[in-house]
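Start from the sequences and build out the full structure, keeping to the hints where you can.
Taken in order, these protein sequences are the chains called Y and C. Residue 60 is where the first sequence starts when you use the working numbering, and the numbers rise one by one after that. Residue 358 is where the second sequence starts when you use the working numbering, and the numbers rise one by one after that.
The set of hints was computed from the structure by calculation and includes no laboratory data. All values derive from a computational prediction rather than experimental measurement. Be aware that a few hints might be false.
Said to hold, decoys possible - Counterexamples of contact, computed for chain Y against chain C with all Cβ distances above 12 Å: (1) His-152; (2) Thr-259; (3) Leu-264; (4) Pro-344; (5) Pro-364; (6) Arg-376; (7) Gly-400; (8) Ala-404; (9) Ser-425; (10) Ala-455; (11) Leu-498; (12) Arg-506; (13) Arg-620; (14) Glu-631.
To be verified - Which chain C residues face chain Y? A few, computed with CB under 7 Å, are given here: (15) Pro-475; (16) Ile-476; (17) Arg-479; (18) Gly-516.
Using N, Cα and C, we set each Cβ at its ideal position, and we do this for glycine too.
So you can see what is in the structure, the chains are spelled out below.
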Amino acid sequence: MRNRRIRRAAPSPHPHPHPHPSSSVPERRRTVHSGGLPLAVFEQGDPADPTVILVHGYPDTHVVWDDVAAELAADHHVVRYDVRGAGESGVPHSRAGYRLELLGADLFAVADAVSPDAPVHVVAHDWGSVQSWEAVTAPGAEQRIVSYTTMSGPSLDHLGHWIRHRMRRPTPRHVKQLLVQGAHSWYITAFHLPFLAPATWRLWLARAWPRVLRDLEEVTERPGHPQATLKQDAVRGIELYRANMRPTLRNPRERPTEVPVQLVTLARDHYVGEFLSEGLERWVPRLTRRTVNATHWSALLEQGPVVAGLVRDFVARTAAGEVQGPPDDGRLVVITGAGSGIGRATALAFAERGAALALADLDLPSAQRTAELCELVGGRATAYLLDVSDGAAVDAFAQQVAAAHGVPDVVVNNAGIGHSGTFLQTTEKEWQRVLDVNLWGVIHGCRAFGTLMTERGQGGHIVNLASAAAYLPSKVLAAYATSKAAVLMLSECLGAELAPHGIRVSAICPGIVNTNITRTSTFSGLTPAEQAAKQQRVSRMYARRGFPPEKVAAEILRAVRTGKPVVPVTFEAKAARLLGRLSPALLRRAARLNVG
Amino acid sequence: MPRFPYDDRDLDRFRETQQLAYHCAEQVAAWIEPGVTERQATAELRRCLVAAGVQDFFHVPFAWFGDRTAFRHFHTPLQFFAGNRRLAEGMPYVLDCAPIVDGYTADIGYGGKVGDNPIWDRLAADLQVYRELILREVRARRPLDEVYAAVDAQIAAHGYDNRHRVYPGRVIGHQVTRTSARGPAGVNVFGFGVRTLQTLGRELISERLHGRSPLWADGRSSRHAPTPGLWAVEPHIGFREVGIKFEELLVVTEDDAYWLDDDLPHVRRWTRQKETAR
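Below you can see the structure in the form of structure tokens.
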């Protein structure tokens with residue numbers, strides 16, 4: 060309390076000019092003693108607002124947070140500090156002074172000094188994140204830390220278990236993950252070599268750092284960045300690696316936490332792979348995952364407002380107690396054709412993971428029903444009436460969604476219709492109808508939402524429902540297979556175009572799935588009575604195959620997680636894809652059969 | 358088509374047996390609490406029924422707890438029998454029993470929950486639609502396989518899944534008659550009373566000869582108008598880990614159909630909900 064009063068009376072004993080021109084919020088500097096070392100602490104904003112502590116990484120100082128802090132200071136009490144050995148803070152005498160326990164204690168010391176009465180929100184990057192995990196996973200941490208936003212810095216204990224798990228079960232996927240992460244962590248090994256690493260920083264790297272940031276990290280050069288003390292910070296900080304990496308990874312401790320954690324994955328991070336956070340739910344039951352399309356440093360130095368937005372959102376939601384209950388992954392998902400079949404199953408699968416959903420269908424009551432079910436399993440959903448074949452309507456829908464809920468993170472272009480008939484049987488009208496819904500519906504959806512996602516610049520994922528018919532020719536599915544083949548190719552082209560924006564595109568190719576598409580399929584050249592009988596027969600055949608839409612939904616979620624571009628689902632779809640590669644002629648022969 | 362074989366006195370006796378069965382299920386439901394196993398629940402149900410004067414069972418009493426109410430991960434018919442699953446807070450449960458008194462058979466299903474379960478609440482409310490739908494379709498004398506398909510379509514529209522298809526023969530219902538067999542009462546083979554099997558076997562054969570089936574499923578053998586008599590109808594719907602059903606007797610006469618009794622727990626629950634909604 061005493062501190063707080065003093066601060067209000069004399070806000071800044073040492074006025075500290077802010078290096079970033081856009082900032083107008085004054086900084087107040089103070090010193091906090093922790094473990095015998097003075098830590099330089101910098102505060103902005105009204106101390107009555109929620110306290111957010113920003114912890115920087117290596118080889119940075121608190122300056123790396125300039126943009127994020129300026130953005131947050133308007134409605135938060137923003138606190139930054141130079142970690143031990145960096146910037147204006149004290150330097151430990153030996154390597155033991157860089158141990159994680161001390162670094163974690165530093166964070167609590169700062170929290171106690173700047174916000175003695177209320178718990179704090181922590182946001183951390185790189186090594187700051189590694190050391191904040193130490194504090195967040197300390198027993199009883201939830202008393203002092205309300206929320207934790209972490210970027211590009213795993214808990215070394217969690218990482219140790221992650222490596223152990225993969226060494227014990229060396230599946231091809233696990234081995235690949237180990238190799239990829241190993242290749243990205245070469246510098247950590249280098250940091251353990253005596254003389255070499257400090258000499259590199261002293262003689263060359265410190266001077267070259269702005270260029271490294273510009274060329275590899277896409278960070279624009281500007282005055283005040285990097286900090287003037289970079290050379291000594293970088294050399295001293297090497298001890299962080301040497302003091303902690305080997306002992307902790309060798310003997311990882313069990314470190315769960317009750318603190319709600321927001322994991323921000325940086326899509327183009329060169330140092331920390333996305334898969335490092337696989338299975339993190341084991342330690343963090345209240346986990347929210349977000350993705351920012353940025354490199355390791357451009358997240359803070361170029362996209363500060365985006366990161367600040369994520370922090371502001373998470374702080375508000377934890378304050379509202381929303382993170383109690385199912386893990387809220389905070390994503391916004393748009394699904395067309397969500398009133399039944401694969402669309403409905405996908406909506407429910409996303410809802411179970413706590414996503415927010417915008418559900419569209421030509422049949423509004425069915426979309427509303429899906430929305431109700433989504434809310435039953437833990438999501439938030441809004442239903443919309445939409446004819447995907449109407450381009451103007453899709454544009455209006457996208458604008459409506461953006462205005463009401465924001466730009467979606469995932470768009471599933473699922474709406475489609477079935478049609479069976481040979482090429483010569485199929486009338487022009489039928490061709491138009493099939494292409495309007497199955498192809499133009501996807502085009503409209505990709506265009507409207509792809510534009511929004513690109514403009515937002517935070518990446519995303521577009522999922523298009525193609526079909527095994529996209530690569531499996533059949534004389535009786537002329538129009539349908541053509542439309543789906545077009546969707547497959549469209550997805551591949553779009554994927555290439557949107558990759559630089561961090562937006563991934565997946566085409567899902569299901570085989571025979573038991574949904575109502577067969578009950579609404581049309582057939583060329585049949586009377587209504589024959590058509591009804593045929594619908595019934597095909598529906599029964601699909602029901603007997605018995606592949607549920609829920610399994611397709613699970614594959615869609617996996618595709619969104621892994622970014623797999625083409626996903627055949629069901630045995631027959633996979634077999635046909637393989638066969639089409641081994642012997643296209645065989646598939647051409649089979650296309651003459653009267654099935655479908 | 359055979360003539361409707363029962364008079365009012367018979368129907369009264371059937372109704373009494375059904376009332377008795379539901380009464381016992383409600384008693385067990387009031388007794389049940391977290392920690393109770395399925396076996397304990399069926400034993401209690403059996404004890405209660407026998408105390409009320411039941412002499413034989415069409416089938417042994419069943420109890421399913423938790424995701425077993427939706428028959429998740431059921432691979433063999435043996436999994437229908439009560440097991441060691443313990444009831445926990447928030448779990449749904451289903452009790453199913455079929456007592457026989459003086460040859461008059463009832464076959465009932467009772468769904469419940471302990472504590473709070475919003476998914477169960479929703480399913481329980483939606484179950485009413487199926488009771489009305491089945492009656493409407495049978496009154497229109499639609500073939501039984503088409504009624505089955507209409508129920509399936511409604512289940513799909515609701516976004517649930519059909520759990521009665523897990524029952525042997527995928528049946529949504531079966532005919533119930535006055536058992537007159539002589540075998541030993543109270544003895545069962547694979548959960549069905551010996552007398553039941555005798556009666557059912559006889560029915561199966563004689564009905565097949567007329568191109569009908571006493572079992573109501575979605576196949577070719579149910580492609581006939583509803584046979585006059587009594588049908589135990591048991592639509593069983595599921596969503597995620599929660600399943601619910603009702604089972605009660607439907608009276609089908611030569612030109613009409615009606616539920617044998619409307620004074621049943623689930624019907625009373627819907628009426629109550631309607632009144633509170635007002």
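Structure-based check of all given hints:
1. His-152: 56 Å, holds
2. Thr-259: For Thr-259 (chain Y), whose nearest Cβ neighbour in chain C is about 56 Å away, the distance exceeds 12 Å, so it holds.
3. Leu-264: At roughly 55 Å from the nearest Cβ of chain C, Leu-264 (chain Y) sits farther out than 12 Å, so the non-interface label holds.
4. Pro-344: The claim stands: Pro-344 (chain Y) keeps its Cβ more than 12 Å from every Cβ of chain C (closest is about 18 Å).
5. Pro-364: Its Cβ never comes within 12 Å of chain C, the nearest being 39 Å, so this holds.
6. Arg-376: Answer for Arg-376 (chain Y): holds, closest chain C Cβ roughly 22 Å.
7. Gly-400: 9 Å, violated
8. Ala-404: It is violated; Ala-404 (chain Y) is separated from chain C by about 9 Å at its closest Cβ, not greater than 12 Å.
9. Ser-425: At about 7 Å from chain C, Ser-425 (chain Y) fails to clear the 12 Å cut-off, so the statement is violated.
10. Ala-455: 27 Å, holds
11. Leu-498: Its Cβ never comes within 12 Å of chain C, the nearest being 26 Å, so this holds.
12. Arg-506: 30 Å, holds
13. Arg-620: Holds: least Cβ distance 21 Å, greater than 12 Å.
14. Glu-631: Since the minimum Cβ distance to chain C is about 22 Å, Glu-631 (chain Y) lies beyond 12 Å and the statement holds.
15. Pro-475: 6 Å, holds
16. Ile-476: 5 Å, holds
17. Arg-479: 6 Å, holds
18. Gly-516: 5 Å, holds
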